[in-house]
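2 protein chains.
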Amino acid sequence: MKKFINSVDSFLTESLAGFTAIHGDVVKLGDGGAFVRRATPARDKVALISGGGSGHEPLHAGFVGVGMLDAACPGQVFTSPTPDQMAAAASAVGGPKGVLFIVKNYSGDRMNFEMAAELYDGPTATVVTDDDVAVENSTWTTGRRGVAGTVIVEKIVGAAAEQGGSLESLKALGDEVNRRTRSMGVALTSCTVPAAGTPTFTLGEDEMEMGVGIHGEPGRKRVKLASAKAIAEEMMTAILDDLKPTGALGEEAILLVNGFGGTPSLELYLMAEMARAELARRGVKVARGLVGSYVTSLEMAGVSLTVSAVDDRLLSLWDAPVHTAALNWGR
Amino acid sequence: MKKFINSVDSFLTESLAGFTAIHGDVVKLGDGGAFVRRATPARDKVALISGGGSGHEPLHAGFVGVGMLDAACPGQVFTSPTPDQMAAAASAVGGPKGVLFIVKNYSGDRMNFEMAAELYDGPTATVVTDDDVAVENSTWTTGRRGVAGTVIVEKIVGAAAEQGGSLESLKALGDEVNRRTRSMGVALTSCTVPAAGTPTFTLGEDEMEMGVGIHGEPGRKRVKLASAKAIAEEMMTAILDDLKPTGALGEEAILLVNGFGGTPSLELYLMAEMARAELARRGVKVARGLVGSYVTSLEMAGVSLTVSAVDDRLLSLWDAPVHTAALNWGR
Chain A
501 MKKFINSVDS FLTESLAGFT AIHGDVVKLG DGGAFVRRAT PARDKVALIS
551 GGGSGHEPLH AGFVGVGMLD AACPGQVFTS PTPDQMAAAA SAVGGPKGVL
601 FIVKNYSGDR MNFEMAAELY DGPTATVVTD DDVAVENSTW TTGRRGVAGT
651 VIVEKIVGAA AEQGGSLESL KALGDEVNRR TRSMGVALTS CTVPAAGTPT
701 FTLGEDEMEM GVGIHGEPGR KRVKLASAKA IAEEMMTAIL DDLKPTGALG
751 EEAILLVNGF GGTPSLELYL MAEMARAELA RRGVKVARGL VGSYVTSLEM
801 AGVSLTVSAV DDRLLSLWDA PVHTAALNWG R
Chain B
501 MKKFINSVDS FLTESLAGFT AIHGDVVKLG DGGAFVRRAT PARDKVALIS
551 GGGSGHEPLH AGFVGVGMLD AACPGQVFTS PTPDQMAAAA SAVGGPKGVL
601 FIVKNYSGDR MNFEMAAELY DGPTATVVTD DDVAVENSTW TTGRRGVAGT
651 VIVEKIVGAA AEQGGSLESL KALGDEVNRR TRSMGVALTS CTVPAAGTPT
701 FTLGEDEMEM GVGIHGEPGR KRVKLASAKA IAEEMMTAIL DDLKPTGALG
751 EEAILLVNGF GGTPSLELYL MAEMARAELA RRGVKVARGL VGSYVTSLEM
801 AGVSLTVSAV DDRLLSLWDA PVHTAALNWG R
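First to last, the protein sequences are chains A and B. With the working numbering as the guide, the letters of the first sequence map in order to residues 501 to 831. With the working numbering as the guide, the letters of the second sequence map in order to residues 501 to 831.
Some hints could be false.
Same chains, same label: a pair holds when it works inside one copy or across any pair of copies.
Said to hold, decoys possible - Quick list of in silico lysine to aspartate or glutamate cross-link-like pairs, EDC-like style, CA-CA up to 20 Å:
#1 K503 with D706
#2 K502 with E707
#3 K503 with E707
If you're looking for bench data, these hints aren't it; they were derived computationally from the structure.
Just chain A, same shape as in the assembly (with noise of 0.2 Å):
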């Protein structure tokens, strides 16, 4: 196992540190390390908490801040927060108006977050995200994978929040944001977990895992490599048939192009033109595009498509100004 690491046991601990020194304007650590918050409180909004397994970097601390999340919860490597993580970042960021969870379809983090839910005394709602259209059902999951499409959510709903949206209004804003989106990914490398310690799967030379979930999970099939085209094509193909039933795809998208940590930037922009011409080709123009590596498998080789069908007020809360370590913008 090649990592910039000291044990095993320290390493969530002495990155999270590492983190929240070099982001002191943004954010700080919580209690005893349990959660990232932001640096300057709001209380006069909903709070907006996520979290989930760390290795997915910067989701989900690397989005608190003005815009996005008041606070972040992370796990061990691959690993759900606990419901007392879950319930402390509640105490220590909701207000009057509520907590508003946002959950990627994880069994774990479903299960930790209703645990601290009940934990927590005050009102809260919680929205689930489960944009990934390549299976049905998986390892850790029952249903779809929620995956990249969680940074659009976060971003749409934080907007909404610091706006002063209620807590009825925001989680209804995220069930539609989410019923909007849709993402599938592809590995060309596994990735390997600290604990573990050896990869997580094993790929030919030739081989991808088309529909890989950002745990290394199975996808819809393991295939030879294609070419960057065929790969969009075919993950576009995938998203949008998905998509279209809905009805909720006009003219416009949101486009995130997704590096699961390994696969550098000139590849996930030559990703980028690729999936923005299949768009393009299917009568879709793409709005907005974020590409990068937000949404991450450790070190995994990869990426993953996105599509957020989105209308006039979608993107003018996709626009709103953002201050966040991972994204940035506006005044």
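Given chain A, work out where chain B should sit, using these hints.
Frame of chain A; chain B shown alone:
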């Protein structure tokens, strides 16, 4: 070779097409794709132009925009751009106040930028960066290599250019920041240049290349993998031993922890914490930190540390607004 690619010949062109399409509000492609320039030209200031081989993204095209570069010339992967590209960029973005070239110290880049300055019919000056303390002379360099410190030079000089600095003063400022800045890198894996199709070098499962260059050039030594703390200590010792004799290092520094492409965020922030602690132990406070993959070597796993000794004037230029694809802050 596992990459998202259609053909070696179209690799760069397709990636640049994606980059300029996604960031059309910030950049556009220059004539014939020879360079990337600001979407909105600024002719009443000194024009800053950089460039070099591709494969180091976001350097340099990701730093084109308000507050940093006016144009960037991408060569093929790890290959210098041509004098024609640079001269075309200068003609496109240069105004009466002149053109400042910012050039990493590689023999090919320096020669070509010199020829471009001769081809261009207007006032020019050149800042050469050579911040890498690892080795003197290298595969493609006489003297020291210019590496991640170039980002700090481009940011600070870019801010001063925006404030109306003269060509002469910006040249002096760039040279000063370069003198105050030192870097060193380490690789855990190699990278594969698409046109070569095989890894640039090989490392054993328990080896690392200490002092590696950003094209995989040999460093100081090939040694057994060590703890993150030991790696940070060795690199910081080399950096500070070199920086201290200049007399520039006071109580504050900018720390850049740069990933080479294949190292995930969790490990970069862990290294940031180790580097921060090392600096603190030696009485230097991290006034500002930047952690991410900014000067990459395709998908190489590895990290470089950069320390730039700053004063209040330089910090204020660092904090000035910047709006590029890869760095974005301030109004």
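Hint check results:
no. : hint           : result
1   : K503 with D706 : between (25 Å within a copy, 10 Å between copies)
2   : K502 with E707 : between (22 Å within a copy, 9 Å between copies)
3   : K503 with E707 : between (24 Å within a copy, 11 Å between copies)
Consistency note: the structure conflicts with none of the earlier hints.
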